[in-house]
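**Q** Next come the chains, spelled out residue by residue.
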Amino acid sequence: MKIIGMQNNILINKKRCNSFRKKILELSQKVSALHIGGSFSSVEIIDCIFNLVKKKNDKFILSKGHTGILLYVILNYLNKITDKELENYCKKDGILGVHPDYGVSGVEASTGSLGHGLGIASGIAYANKKRDVYILISDGELHEGSTWESALLISSKRINNIILLIDYNGLQSSTWSKDTHPTLVPIDKKFKAFGWDAAICDGHNTLDIFSKIKKKKKGKPFALICKTIKGNPISFMKNKPLWHYRSPDKKEYVTALEELNKNER
Amino acid sequence: MRDKLAKTLFFKGSKNKKIIVLVADISPDGKMSEFQKKYPERFLNIGVAEQSMIGMSAGLAMNGFRPFVYTISTFALYRPFEMIRTDLCYQKLPVCVIGMGAGTIYASLGATHLTQEDISIARSVPNLQIISPCDPFELKQAINFCADKSKNPTYLRIGKKGEKNFNFKESEIWKFGKLRKIVKGIDICILTYGPIIEKAFEIREYLKKQDITSEIYSCHTLKPFDEQRLKNIFKKFSKVIIIEDHSEIGGLASIVKTNAYEARYQGSIASFSLKDEFIKCYSSQKDLQERHGLSTKQIIKKIKKIFINE
Numbered sequence: 007m008k009i010i011g012m013q014n015n016i017l018i019n020k021k022r023c024n025s026f027r028k029k030i031l032e033l034s035q036k037v038s039a040l041h042i043g044g045s046f047s048s049v050e051i052i053d054c055i056f057n058l059v060k061k062k063n064d065k066f067i068l069s070k071g072h073t074g075i076l077l078y079v080i081l082n083y084l085n086k087i088t089d090k091e092l093e094n095y096c097k098k099d100g101i102l103g104v105h106p107d108y109g110v111s112g113v114e115a116s117t118g119s120l121g122h123g124l125g126i127a128s129g130i131a132y133a134n135k136k137r138d139v140y141i142l143i144s145d146g147e148l149h150e151g152s153t154w155e156s157a158l159l160i161s162s163k164r165i166n167n168i169i170l171l172i173d174y175n176g177l178q179s180s181t182w183s184k185d186t187h188p189t190l191v192p193i194d195k196k197f198k199a200f201g202w203d204a205a206i207c208d209g210h211n212t213l214d215i216f217s218k219i220k221k222k223k224k225g226k227p228f229a230l231i232c233k234t235i236k237g238n239p240i241s242f243m244k245n246k247p248l249w250h251y252r253s254p255d256k257k258e259y260v261t262a263l264e265e266l267n268k269n270e271r
Numbered sequence: 370m371r372d373k374l375a376k377t378l379f380f381k382g383s384k385n386k387k388i389i390v391l392v393a394d395i396s397p398d399g400k401m402s403e404f405q406k407k408y409p410e411r412f413l414n415i416g417v418a419e420q421s422m423i424g425m426s427a428g429l430a431m432n433g434f435r436p437f438v439y440t441i442s443t444f445a446l447y448r449p450f451e452m453i454r455t456d457l458c459y460q461k462l463p464v465c466v467i468g469m470g471a472g473t474i475y476a477s478l479g480a481t482h483l484t485q486e487d488i489s490i491a492r493s494v495p496n497l498q499i500i501s502p503c504d505p506f507e508l509k510q511a512i513n514f515c516a517d518k519s520k521n522p523t524y525l526r527i528g529k530k531g532e533k534n535f536n537f538k539e540s541e542i543w544k545f546g547k548l549r550k551i552v553k554g555i556d557i558c559i560l561t562y563g564p565i566i567e568k569a570f571e572i573r574e575y576l577k578k579q580d581i582t583s584e585i586y587s588c589h590t591l592k593p594f595d596e597q598r599l600k601n602i603f604k605k606f607s608k609v610i611i612i613e614d615h616s617e618i619g620g621l622a623s624i625v626k627t628n629a630y631e632a633r634y635q636g637s638i639a640s641f642s643l644k645d646e647f648i649k650c651y652s653s654q655k656d657l658q659e660r661h662g663l664s665t666k667q668i669i670k671k672i673k674k675i676f677i678n679e
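One line per chain: the protein sequences are A and B, in this order.
In the numbering used here, each residue carries its 1-based index in the first sequence increased by 6.
In the numbering used here, each residue carries its 1-based index in the second sequence increased by 369.
Among the clues, some could well be false.
[Stated by the list, open to error] Straight line, CA to CA, 27 Å or less: simulated BS3-like cross-link-like pairs of lysine-lysine: (1) A:135 - B:384; (2) A:97 - B:461; (3) B:407 - B:386.
Derived by calculation from the structure, the hints in this document are not laboratory data.
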C-alpha cells in the first residue's frame, strides 16, 4: 500500500533529492575538499532512509564518512542541524568537518576511516533488537577485512536488525574497483554465502530502494547493493575519479546548477 | 590474575545488567564460564575477530552498556589498534580493553605474543586510560573502577596466573590515577607496576640485609599519571629505582625521567626496563627477562654499583 502511495510522490522525492544536491553545490563554493562525487551517488539512498523508511528510534550510521556533507544537508532539512552550523561547515569555529563526529545531533558514529561502521553497527543493533540499524558503506569498504569480519559476526550472532546499504558506484578515490578487485562481484552472492539476505537495486531510484528494503526477509540481516553513479546526475562529474575530492569552480558550479534545474523538470 | 578477573566480572555482572563481556576466542574457565552459562546474552565469544570485537563494544557502549573486551594483550591492543583509537578513544566510550599476559609473560610463544611496547603506544592516544595492577588485589579494584566509575576507555594490562598479592596492613588504598605506597622505607624508593613487583620485593630483601630500607610504590595507573605524588617522592628520596616489564621507550622509566627533568631532580635514578630489541628466548619468562638484563641478580649488581659502592 505504501509503495503505491509513494509512486504518487516520485516527483516530490526527486525534487527533495535535487534540493540536497543544490545545497551541496552551494556549499562547494565556500570550501574545498567536499567529496562531491560520492555524495551525489548516495543522495537517494540516505534520503530514502531518513525521509521514508527510518522509524523514530531506528539508527543510521554513515560508514562512508567522506560524504558527511550529504548527511549534514539532510539533517539540516530535518532540523537536526541548524542553518548556522551548516554554513560553518569546515570553517574555523564550525562543528562540522568533512567527516561526521559522534555527538553532533543526528550523527551516530565518528566515521571517516573506512571499514569501521559495520562493527559499531553490530553493537548498536545488539544493544536493542527492537529497532533497526541502517548503515551505508561504500563499495570501497568491501576491500576492508574488518567489513567482512563483521559481516560474518553479524549473521553468526543472529543480529538481524541490521540493514546494510552498499553504495556500489564502482569507483574508489583513484580508479575503478573492477580494476583493483575484479573478483569483488558478485557482491550479493557473497553476502548470501555469509548468511545474509541480499538484493540489488537502482540506487538512484527511491521507489526501488524503498521496495527492496520492504521486501527483505525477516530473520536475517539484509544487504542491499545500490547500483549508483559517482557524481550523478552531473554530466561532467559522472564516473570521474577526479570528483571524489574536488569542489567545482565557478563555471562548473553554474553548469552543474543548470543541469540540476533541468533534471527537476 | 585471570581467576580474579573472572570472579570480579561475575560479581559485577550479577549486580549490573549493563556489564557485557566480549572475548576473542579465549576459553572461558572458572567463573568466566559461569558468567557465560548464567548470562549468555551478556557473554559473547566474538571469535578470532578483534577488530569487530572493538567495533561492537563501541556500539554497545554508545547504548548504555559497560563492555569488557578480553584477549591476550597483543591481540587486544595491536591488532585492532585503529578501532581502539578511533571507535573508543575519539568517541570517548567507557570500554575496558583487557590485555592479558602482557609484557614478557608469553616468552615461550615468542614475539608474536609479547607486548613489550604496549604502554608506550597506548600512552600516546588521547582519552585512553592505562591501568596495570601489580596483583590480584589491585586488579579487583581496577575492574570495580571500570565497571562503576570510569567515563573513558581503559587499557587494562594484566598478568596471567599464579600472581601473589602484595597488599599489607601498611599499604595505601587503591585509587585510580594515584601512586600507591605498598610498603614503607626511608633510603631508596622503588617504583614499579604489574606482576614484576615481585622483583621489587626481592630487591627490598637484599637491601634490607645491607641495612638499607626501601619504599615500594605500585604505579598502577600509567595514564593519567600521578605527577604530584612523584614530585613528593623526588623531595623525599635521593635514590629512585624503576622496574618494569616494558620497553625502555615510553614506559614508567620515560615518565619518571621526564618528570625528574622538569622537577630539576638532583638525585639518582636507576631504571630497569626491557631493551628496545626483539630478543628470543623460548625457555621461560625468567630467562627472557634475564636476556633483557632484568633478572633480580642483574638488577642487584647494578644497584650495588650505582647506589651502594658510589
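**Q** Please go over all the hints and tell whether each is borne out by the structure.
**A** Structure-based check of all given hints:
no. : hint          : in the structure
1   : A:135 - B:384 : holds, 23 Å
2   : A:97 - B:461  : holds, 24 Å
3   : B:407 - B:386 : holds, 12 Å
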